[in-house]
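One line per chain: the protein sequences are A and B, in this order.
Sequential numbering from 1 applies to the first sequence in my numbering.
Sequential numbering from 1 applies to the second sequence in my numbering.
Treat the hints as calculated values from the structure; they're not laboratory data.
Remember, predicted model here, so these are calculated numbers, not experimental data.
Treat the hints with caution; some may be incorrect.
Unchecked claim - In silico SDA-like links for lysine to any residue, alpha-carbon gap of 20 Å or less: (1) 19/B with 312/A; (2) 19/B with 298/A; (3) 19/B with 375/A; (4) 84/B with 304/A.
Said to hold, decoys possible - If you anchor each label on the Cβ, the simulated ranges turn out as follows: (5) 314/A with 37/B: 20 to 30 Å; (6) 133/B with 477/A: 33 to 43 Å; (7) 37/B with 477/A: 21 to 31 Å.
C-beta atoms are modelled at their ideal positions from N, C-alpha and C, and glycine is treated no differently.
Residue strings, one per chain:
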Amino acid sequence: MPVRIDVAAETAFDGVVDVTVGSAAYRRPIQLSSGARQRLMLYVVISDPRRPLLVSLRDTGDRPVAEQAIPLLRTRVAEGLVVALTADAAGLEFLTAEGRGLAGAYLREDSLPDHWAAYEGVNAVVLRDLDERAMSGGQRQALREWVAQGGRLLVTGERGLRQNQTWLADLLPAMVSPASTVIPSGALPGMLFPQPAAVLLPKPGADVWPARSLPVVVSRPYGRGQVTAWAFDAFAPAVRSWPGRVRLWHQLLAGGRIQPLARPALSDVIPTARTLSGGAQVQIVALSIFYILAVRFVLRRFATRRGTWLALGAVVVVFGILLYGVSAAARRAASTTVQLSVVEATGTQDLARVTTYVALLHPYGGAYVLTAPEGALIRPRPEAGPITSAAANTIGGEAAPGVLVFEAVQVISVPVHGRVRAPIDGLELKVENGTAGPLTSPAVFLNGQTQNLPDISGRLSTPLPPGRWEPADRNAATGAFGHDARAWIATRLDAYRTPAIIGYKTLWLLGDLQDPRLSVRLLGASNGRSLHLLLAPIMETGGR
Amino acid sequence: MRANPILRGDLRARLGGGKALAGYTLFLSLLAVLAILSLPPELGRMQEVRQQGLLQVFLIIQALFIIYLTSATASGEIAVEGEKPAWDLAASPFSTGTIARGKLATSAAFAALLVLLGLPLTAAVAGIRGQALAPVAGASIVIVAAGTALGTLGALYAAVFESDFARTVVHWFTLLIVVLVVAMAPSPWRFVSPVHAIPAAMSSDFTGVLLALAAYGALAAAGAAGLAARIGAIRREAVAA
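So here's chain B without its partners, still in its complex pose (with noise of 0.2 Å):
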């Protein structure tokens, strides 16, 4: 089975190149003050509240710095040195439906990236929380979802506005709707912000996360049939001038 050109060609310029290598850098940075600010200042009050809030926390506060990374790098408001946006893409022989997954694909696999590259950071959290690993696997993978569904409206972005004012507003409008809005719904649509599907994953509250996964889910697939009709605009209004 061959992989997506497009996965193929977006990984590589994101695991490549200095500029990557600097935002890495930067997140695992981020992520390591994150956690050894939340080394417990005392070991005696142990109130098992607090003890699972503070890794609650770490986890919440990483899923938005995924959401951000996947869903800016896909929108073009972080440039990547070689990965090509979709705009340009409908230049290429690739399929609409081709381009599209690749795009998801690409969504899915930075935002797991970056959710393996943080569970080091994690686990030390964890470990000092004396926390067991099962609901960070829970959490990471209602991270890796809303990842996905950001990176791919993102992927969808750039090929719908072409202005990079538009398009860094519409982004962050649907941050702000995704993480805050939404986490002022009342149950359970609520829990389709990662605010309170983190939680949720941790306590083994499957009704919650599996309606986050669903509406991540929906999104995502929203965002690709979105990309691939857009693609195809794109090419027809080529062919028409």
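This is chain A alone, in the form it adopts within the complex (with noise of 0.2 Å):
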């Protein structure tokens, strides 16, 4: 969940503000000099809402100096939102009211975030009163990144539509005429009074409501998400109180919040364990005989001669000093990460969403920093203790041994194409991967069964022929990383849907990928393991 905290300092100012969630604690160092106001935005995660937030301020000694406790009401409480932009703050009473779990929240330009995560837990989001100039480039890609990976946007009303915002063009499912018109009452069902409506031109895709007249509502896909276009004023009085609004939120809210593909479970299959170097076994062995040879050396030379206990003993601490040392590094070094990248290309503007787990081995605890690549923000899974966040992609703390697993989630550019055509005797895929590296070990899924590829470097053309379709490996649990991790992607490919993916007709391309811009990494260690998988749906042309 975002938390935002608005922070002013009457004298200069240099601390920490600390976020207490039940028994985590998220902490972003703070400096303001005197007069100065800064607005921090902090991703928590809230395990139990029942216990309050605990904002603190607190200078460099860790005194407080401010502190708040914000409690979680059960009123607020609710498992998704529909975020209204708007200047009346009215129109999504009947969410509450219908007991599904949603609520409705409304906002100003200021108060939108400019990063998308904060739209996790959000449903839709709704343009109506939206002054393109109070809003900042962040925000627009913020919402454009969100949509473009699952979320729902909803533009809506004749004056918004018609401002033909460049940004919103794009993202639009219509284009919009500069002239508007009006829907005579009775054109919709139940609407007893005339509104002024956007004349909208569908864009190729779209689907229209209604089919044979002006169209009043229009949707399409953008990338995994939905745009949807109401030509009219979803928050007018008049439509505030007509019937037959509800079946038309219903739809755009149908589905629920739609989520990548790798989910947190995808995490079980990292591997959590790493074998102690061949290099440090070695030493320990080499250091065990020559420790015995050591002991012979002295016995046989002192036994009979005063100073046997004290050369025995020299012996003793030296060779006890080198092996608990030689034994205690290899362990500390052995403090690494192990991290499982999932991109998601979301079929537009070469958008994918990346969701890392990292594993990170600290079998000896202490102190930790991860940083995730610049852009992404990196987050617990589940709490981890107390944590300190100089930055959404840094994440740091005191852990005890073990293996702690975090995520970071970024959306980044990533020019891999691919299309397939049906003609009759089979499939013919085309894939462009205009990515720095080479996609390796790729592989086709369709409806259950898959294909192995040659790596594609550049352009691949190839033929699928109906007869080297095998049956998916679906086994996630042999131990083997890559593997593991392929299997359970595959078993969850032909299930998923989204407004642009339709299981059956979607080709999957799955292969790994060589990018630098995903690794999260351990301060101090050097770079684990990783795995960087990139899941792209392909769309058939042609028919089939």
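Assembling the complex is the task here: the two chains are given apart, and the hints tell you how they should meet.
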């Protein structure tokens, strides 16, 4: 959950902002000059909404300067949100009344988040009274990236649609005519008053309602998400009392939030064990042998002389320190990360959502700092004790010996395109890989079956003969990291649906991607094991 | 202060000589193999119980080695070149008390020597398991005490039983009782077994450790008293004959 904290300082301040949620604590350093204000956005995991959120401002001596407990009211806890950008905070009350776990929230431009991850609990965003000048580039990008990876956006109102905002034009499912029109009373069943409406010119592939007259509702997939335009104002007083609006809202929100295919359960396939390095094992064996030889030497030479015990003691102390030091150092050096990234192409604008699960193997415990790529958000799964987060892409803390799992999410550009045609004797696949590295061990999946492909550097054009399809391996518990990750994904592909992706018609391309933009780094340790999988939906063209 | 002459003579014999050297090499080699076998095949799954468990197992096996070696060398089951058994010492000019204290001190010093020699390998296991050395110190005290007690009893058996077979049977019977039978006894008696006394020492269970040390102390005192009495009896028999 995103938590926005506004801090104002009358005098210069240097310290931290602490947000405590249950047993987890998030800490963000803050420095303010006299009279300055700063807004912080922290992304926290709330596992128990019965406990209040404790926000405190602490100075460098860890003394509290200001504290506030924010109760998470039961009435404010919802399974999903519909966020409306509107000047009038009214029109979404029916959501709460329906008892479906949804709640409405009304925001203005300055409250919109500038990272798409803040929309993760949002089922739909409604844009009505939108002042383009009041929005930052980051806020627009956040909204676009969220929609591309499965968000639902509704743009409503004749006035708002006709503003023809450049950044929104690409998202909209229809071109908007400069002219406006009026929906006469009775044109929409049950609507008693005429309504001003924008003239929508649907883009190819858009769903239009009603089908045979002036389009009133137009929707079209955008990446894995959906953008809908209502030609009339959803929050106009006459529409708020129109019974037919509820059906339109239900259509908009049908199916709930669209989630990425990579879910937290995928982290189960990450190996959380690592063998002691061969070098360390050789060192310990060699030191043990030298020790035995040294003891033999001392006993042979000094057994009958004075000072035998001293000589033996010296050998024991020297080898004791050496063996303890070498083994403890080998253990400390074993702190590493194992990470699995799933790069899910959205199918639009080369945007891809990356979900990275990072297992921090921390056999000795102690301090750690993990840094995700710029623009990414990293968070613990589940709570990992007190956490310091200097930025959204950095997380650190003190951990007990063991394994901690983190999730990093980001949106990047991955120029991999594909299309598949279906002539009579099978399928023809064309893939274009515009990334810097090859796509290795690629395979395509369709209806629970798979075909392996050669590595893809640049372009690949290949037939997919019917006889070469094999059942996809669904055993994700073999212990082989790469195999299990692929099997986990393959198992879930058939059931995966978004407005743009229809399971039985969508061919999936899955392959290993080499991309340094995906690496989460552990401070003070060499790069651990990592696997980056690209998952791209390839739509069929030409019918089948 | 002069060291006990029995202790001096026994230690000289046990530190030098080809057989003793081979014994130390074998003992350390076995510990080294154990240490290497306890290197974790995987460093990720870090349940603390399992981590501590392996060090405990290492120390318990080490304790069993040491208890056997101290008692077997004292009882004569493992003969050490140049070391005089209690039976022979009856003919020496030393007092029974000196001989009994000397044999007790020999067992204590030998057990301490073996613990000392095993320390670097124990440190390797502790290091790789991320364990501090403090619990090892506690366990070492228990091992030395157990070795002393069983070693003194071994010296007593050497004086009591003339027959090698009878001595060996009684020696193994004692080991079986102290290590296994007592381990199955209800608490607190089970702490007398090193199988329970060592974990108690590692987890700072002072009651268990004190009970074990008291029991080992009593065994050692009883063994030394018995040895003194037996040597006295041998001398009287010799005079009478």
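Each hint tested on the structure:
With a CA separation close to 18 Å, the supplied pair residue 19/B and residue 312/A stays within the 20 Å bound. Using a Cα cut-off of 20 Å, the hinted pair residue 19/B and residue 298/A holds, with the two alpha carbons roughly 15 Å apart. For the given pair, residue 19/B sits about 70 Å from residue 375/A by alpha-carbon distance, which is inconsistent with the 20 Å threshold. Distance hint between residue 84/B and residue 304/A is fulfilled; the C-alpha atoms sit about 17 Å from each other, no more than 20 Å.
Taking the beta carbon of each, residue 314/A and residue 37/B are about 28 Å apart, inside 20 to 30 Å as hinted. With their beta carbons about 39 Å apart, residue 133/B and residue 477/A fall inside the hinted range of 33 to 43 Å. Remark: the range hint 21 to 31 Å for residue 37/B to residue 477/A is upheld by a beta-carbon distance near 28 Å.
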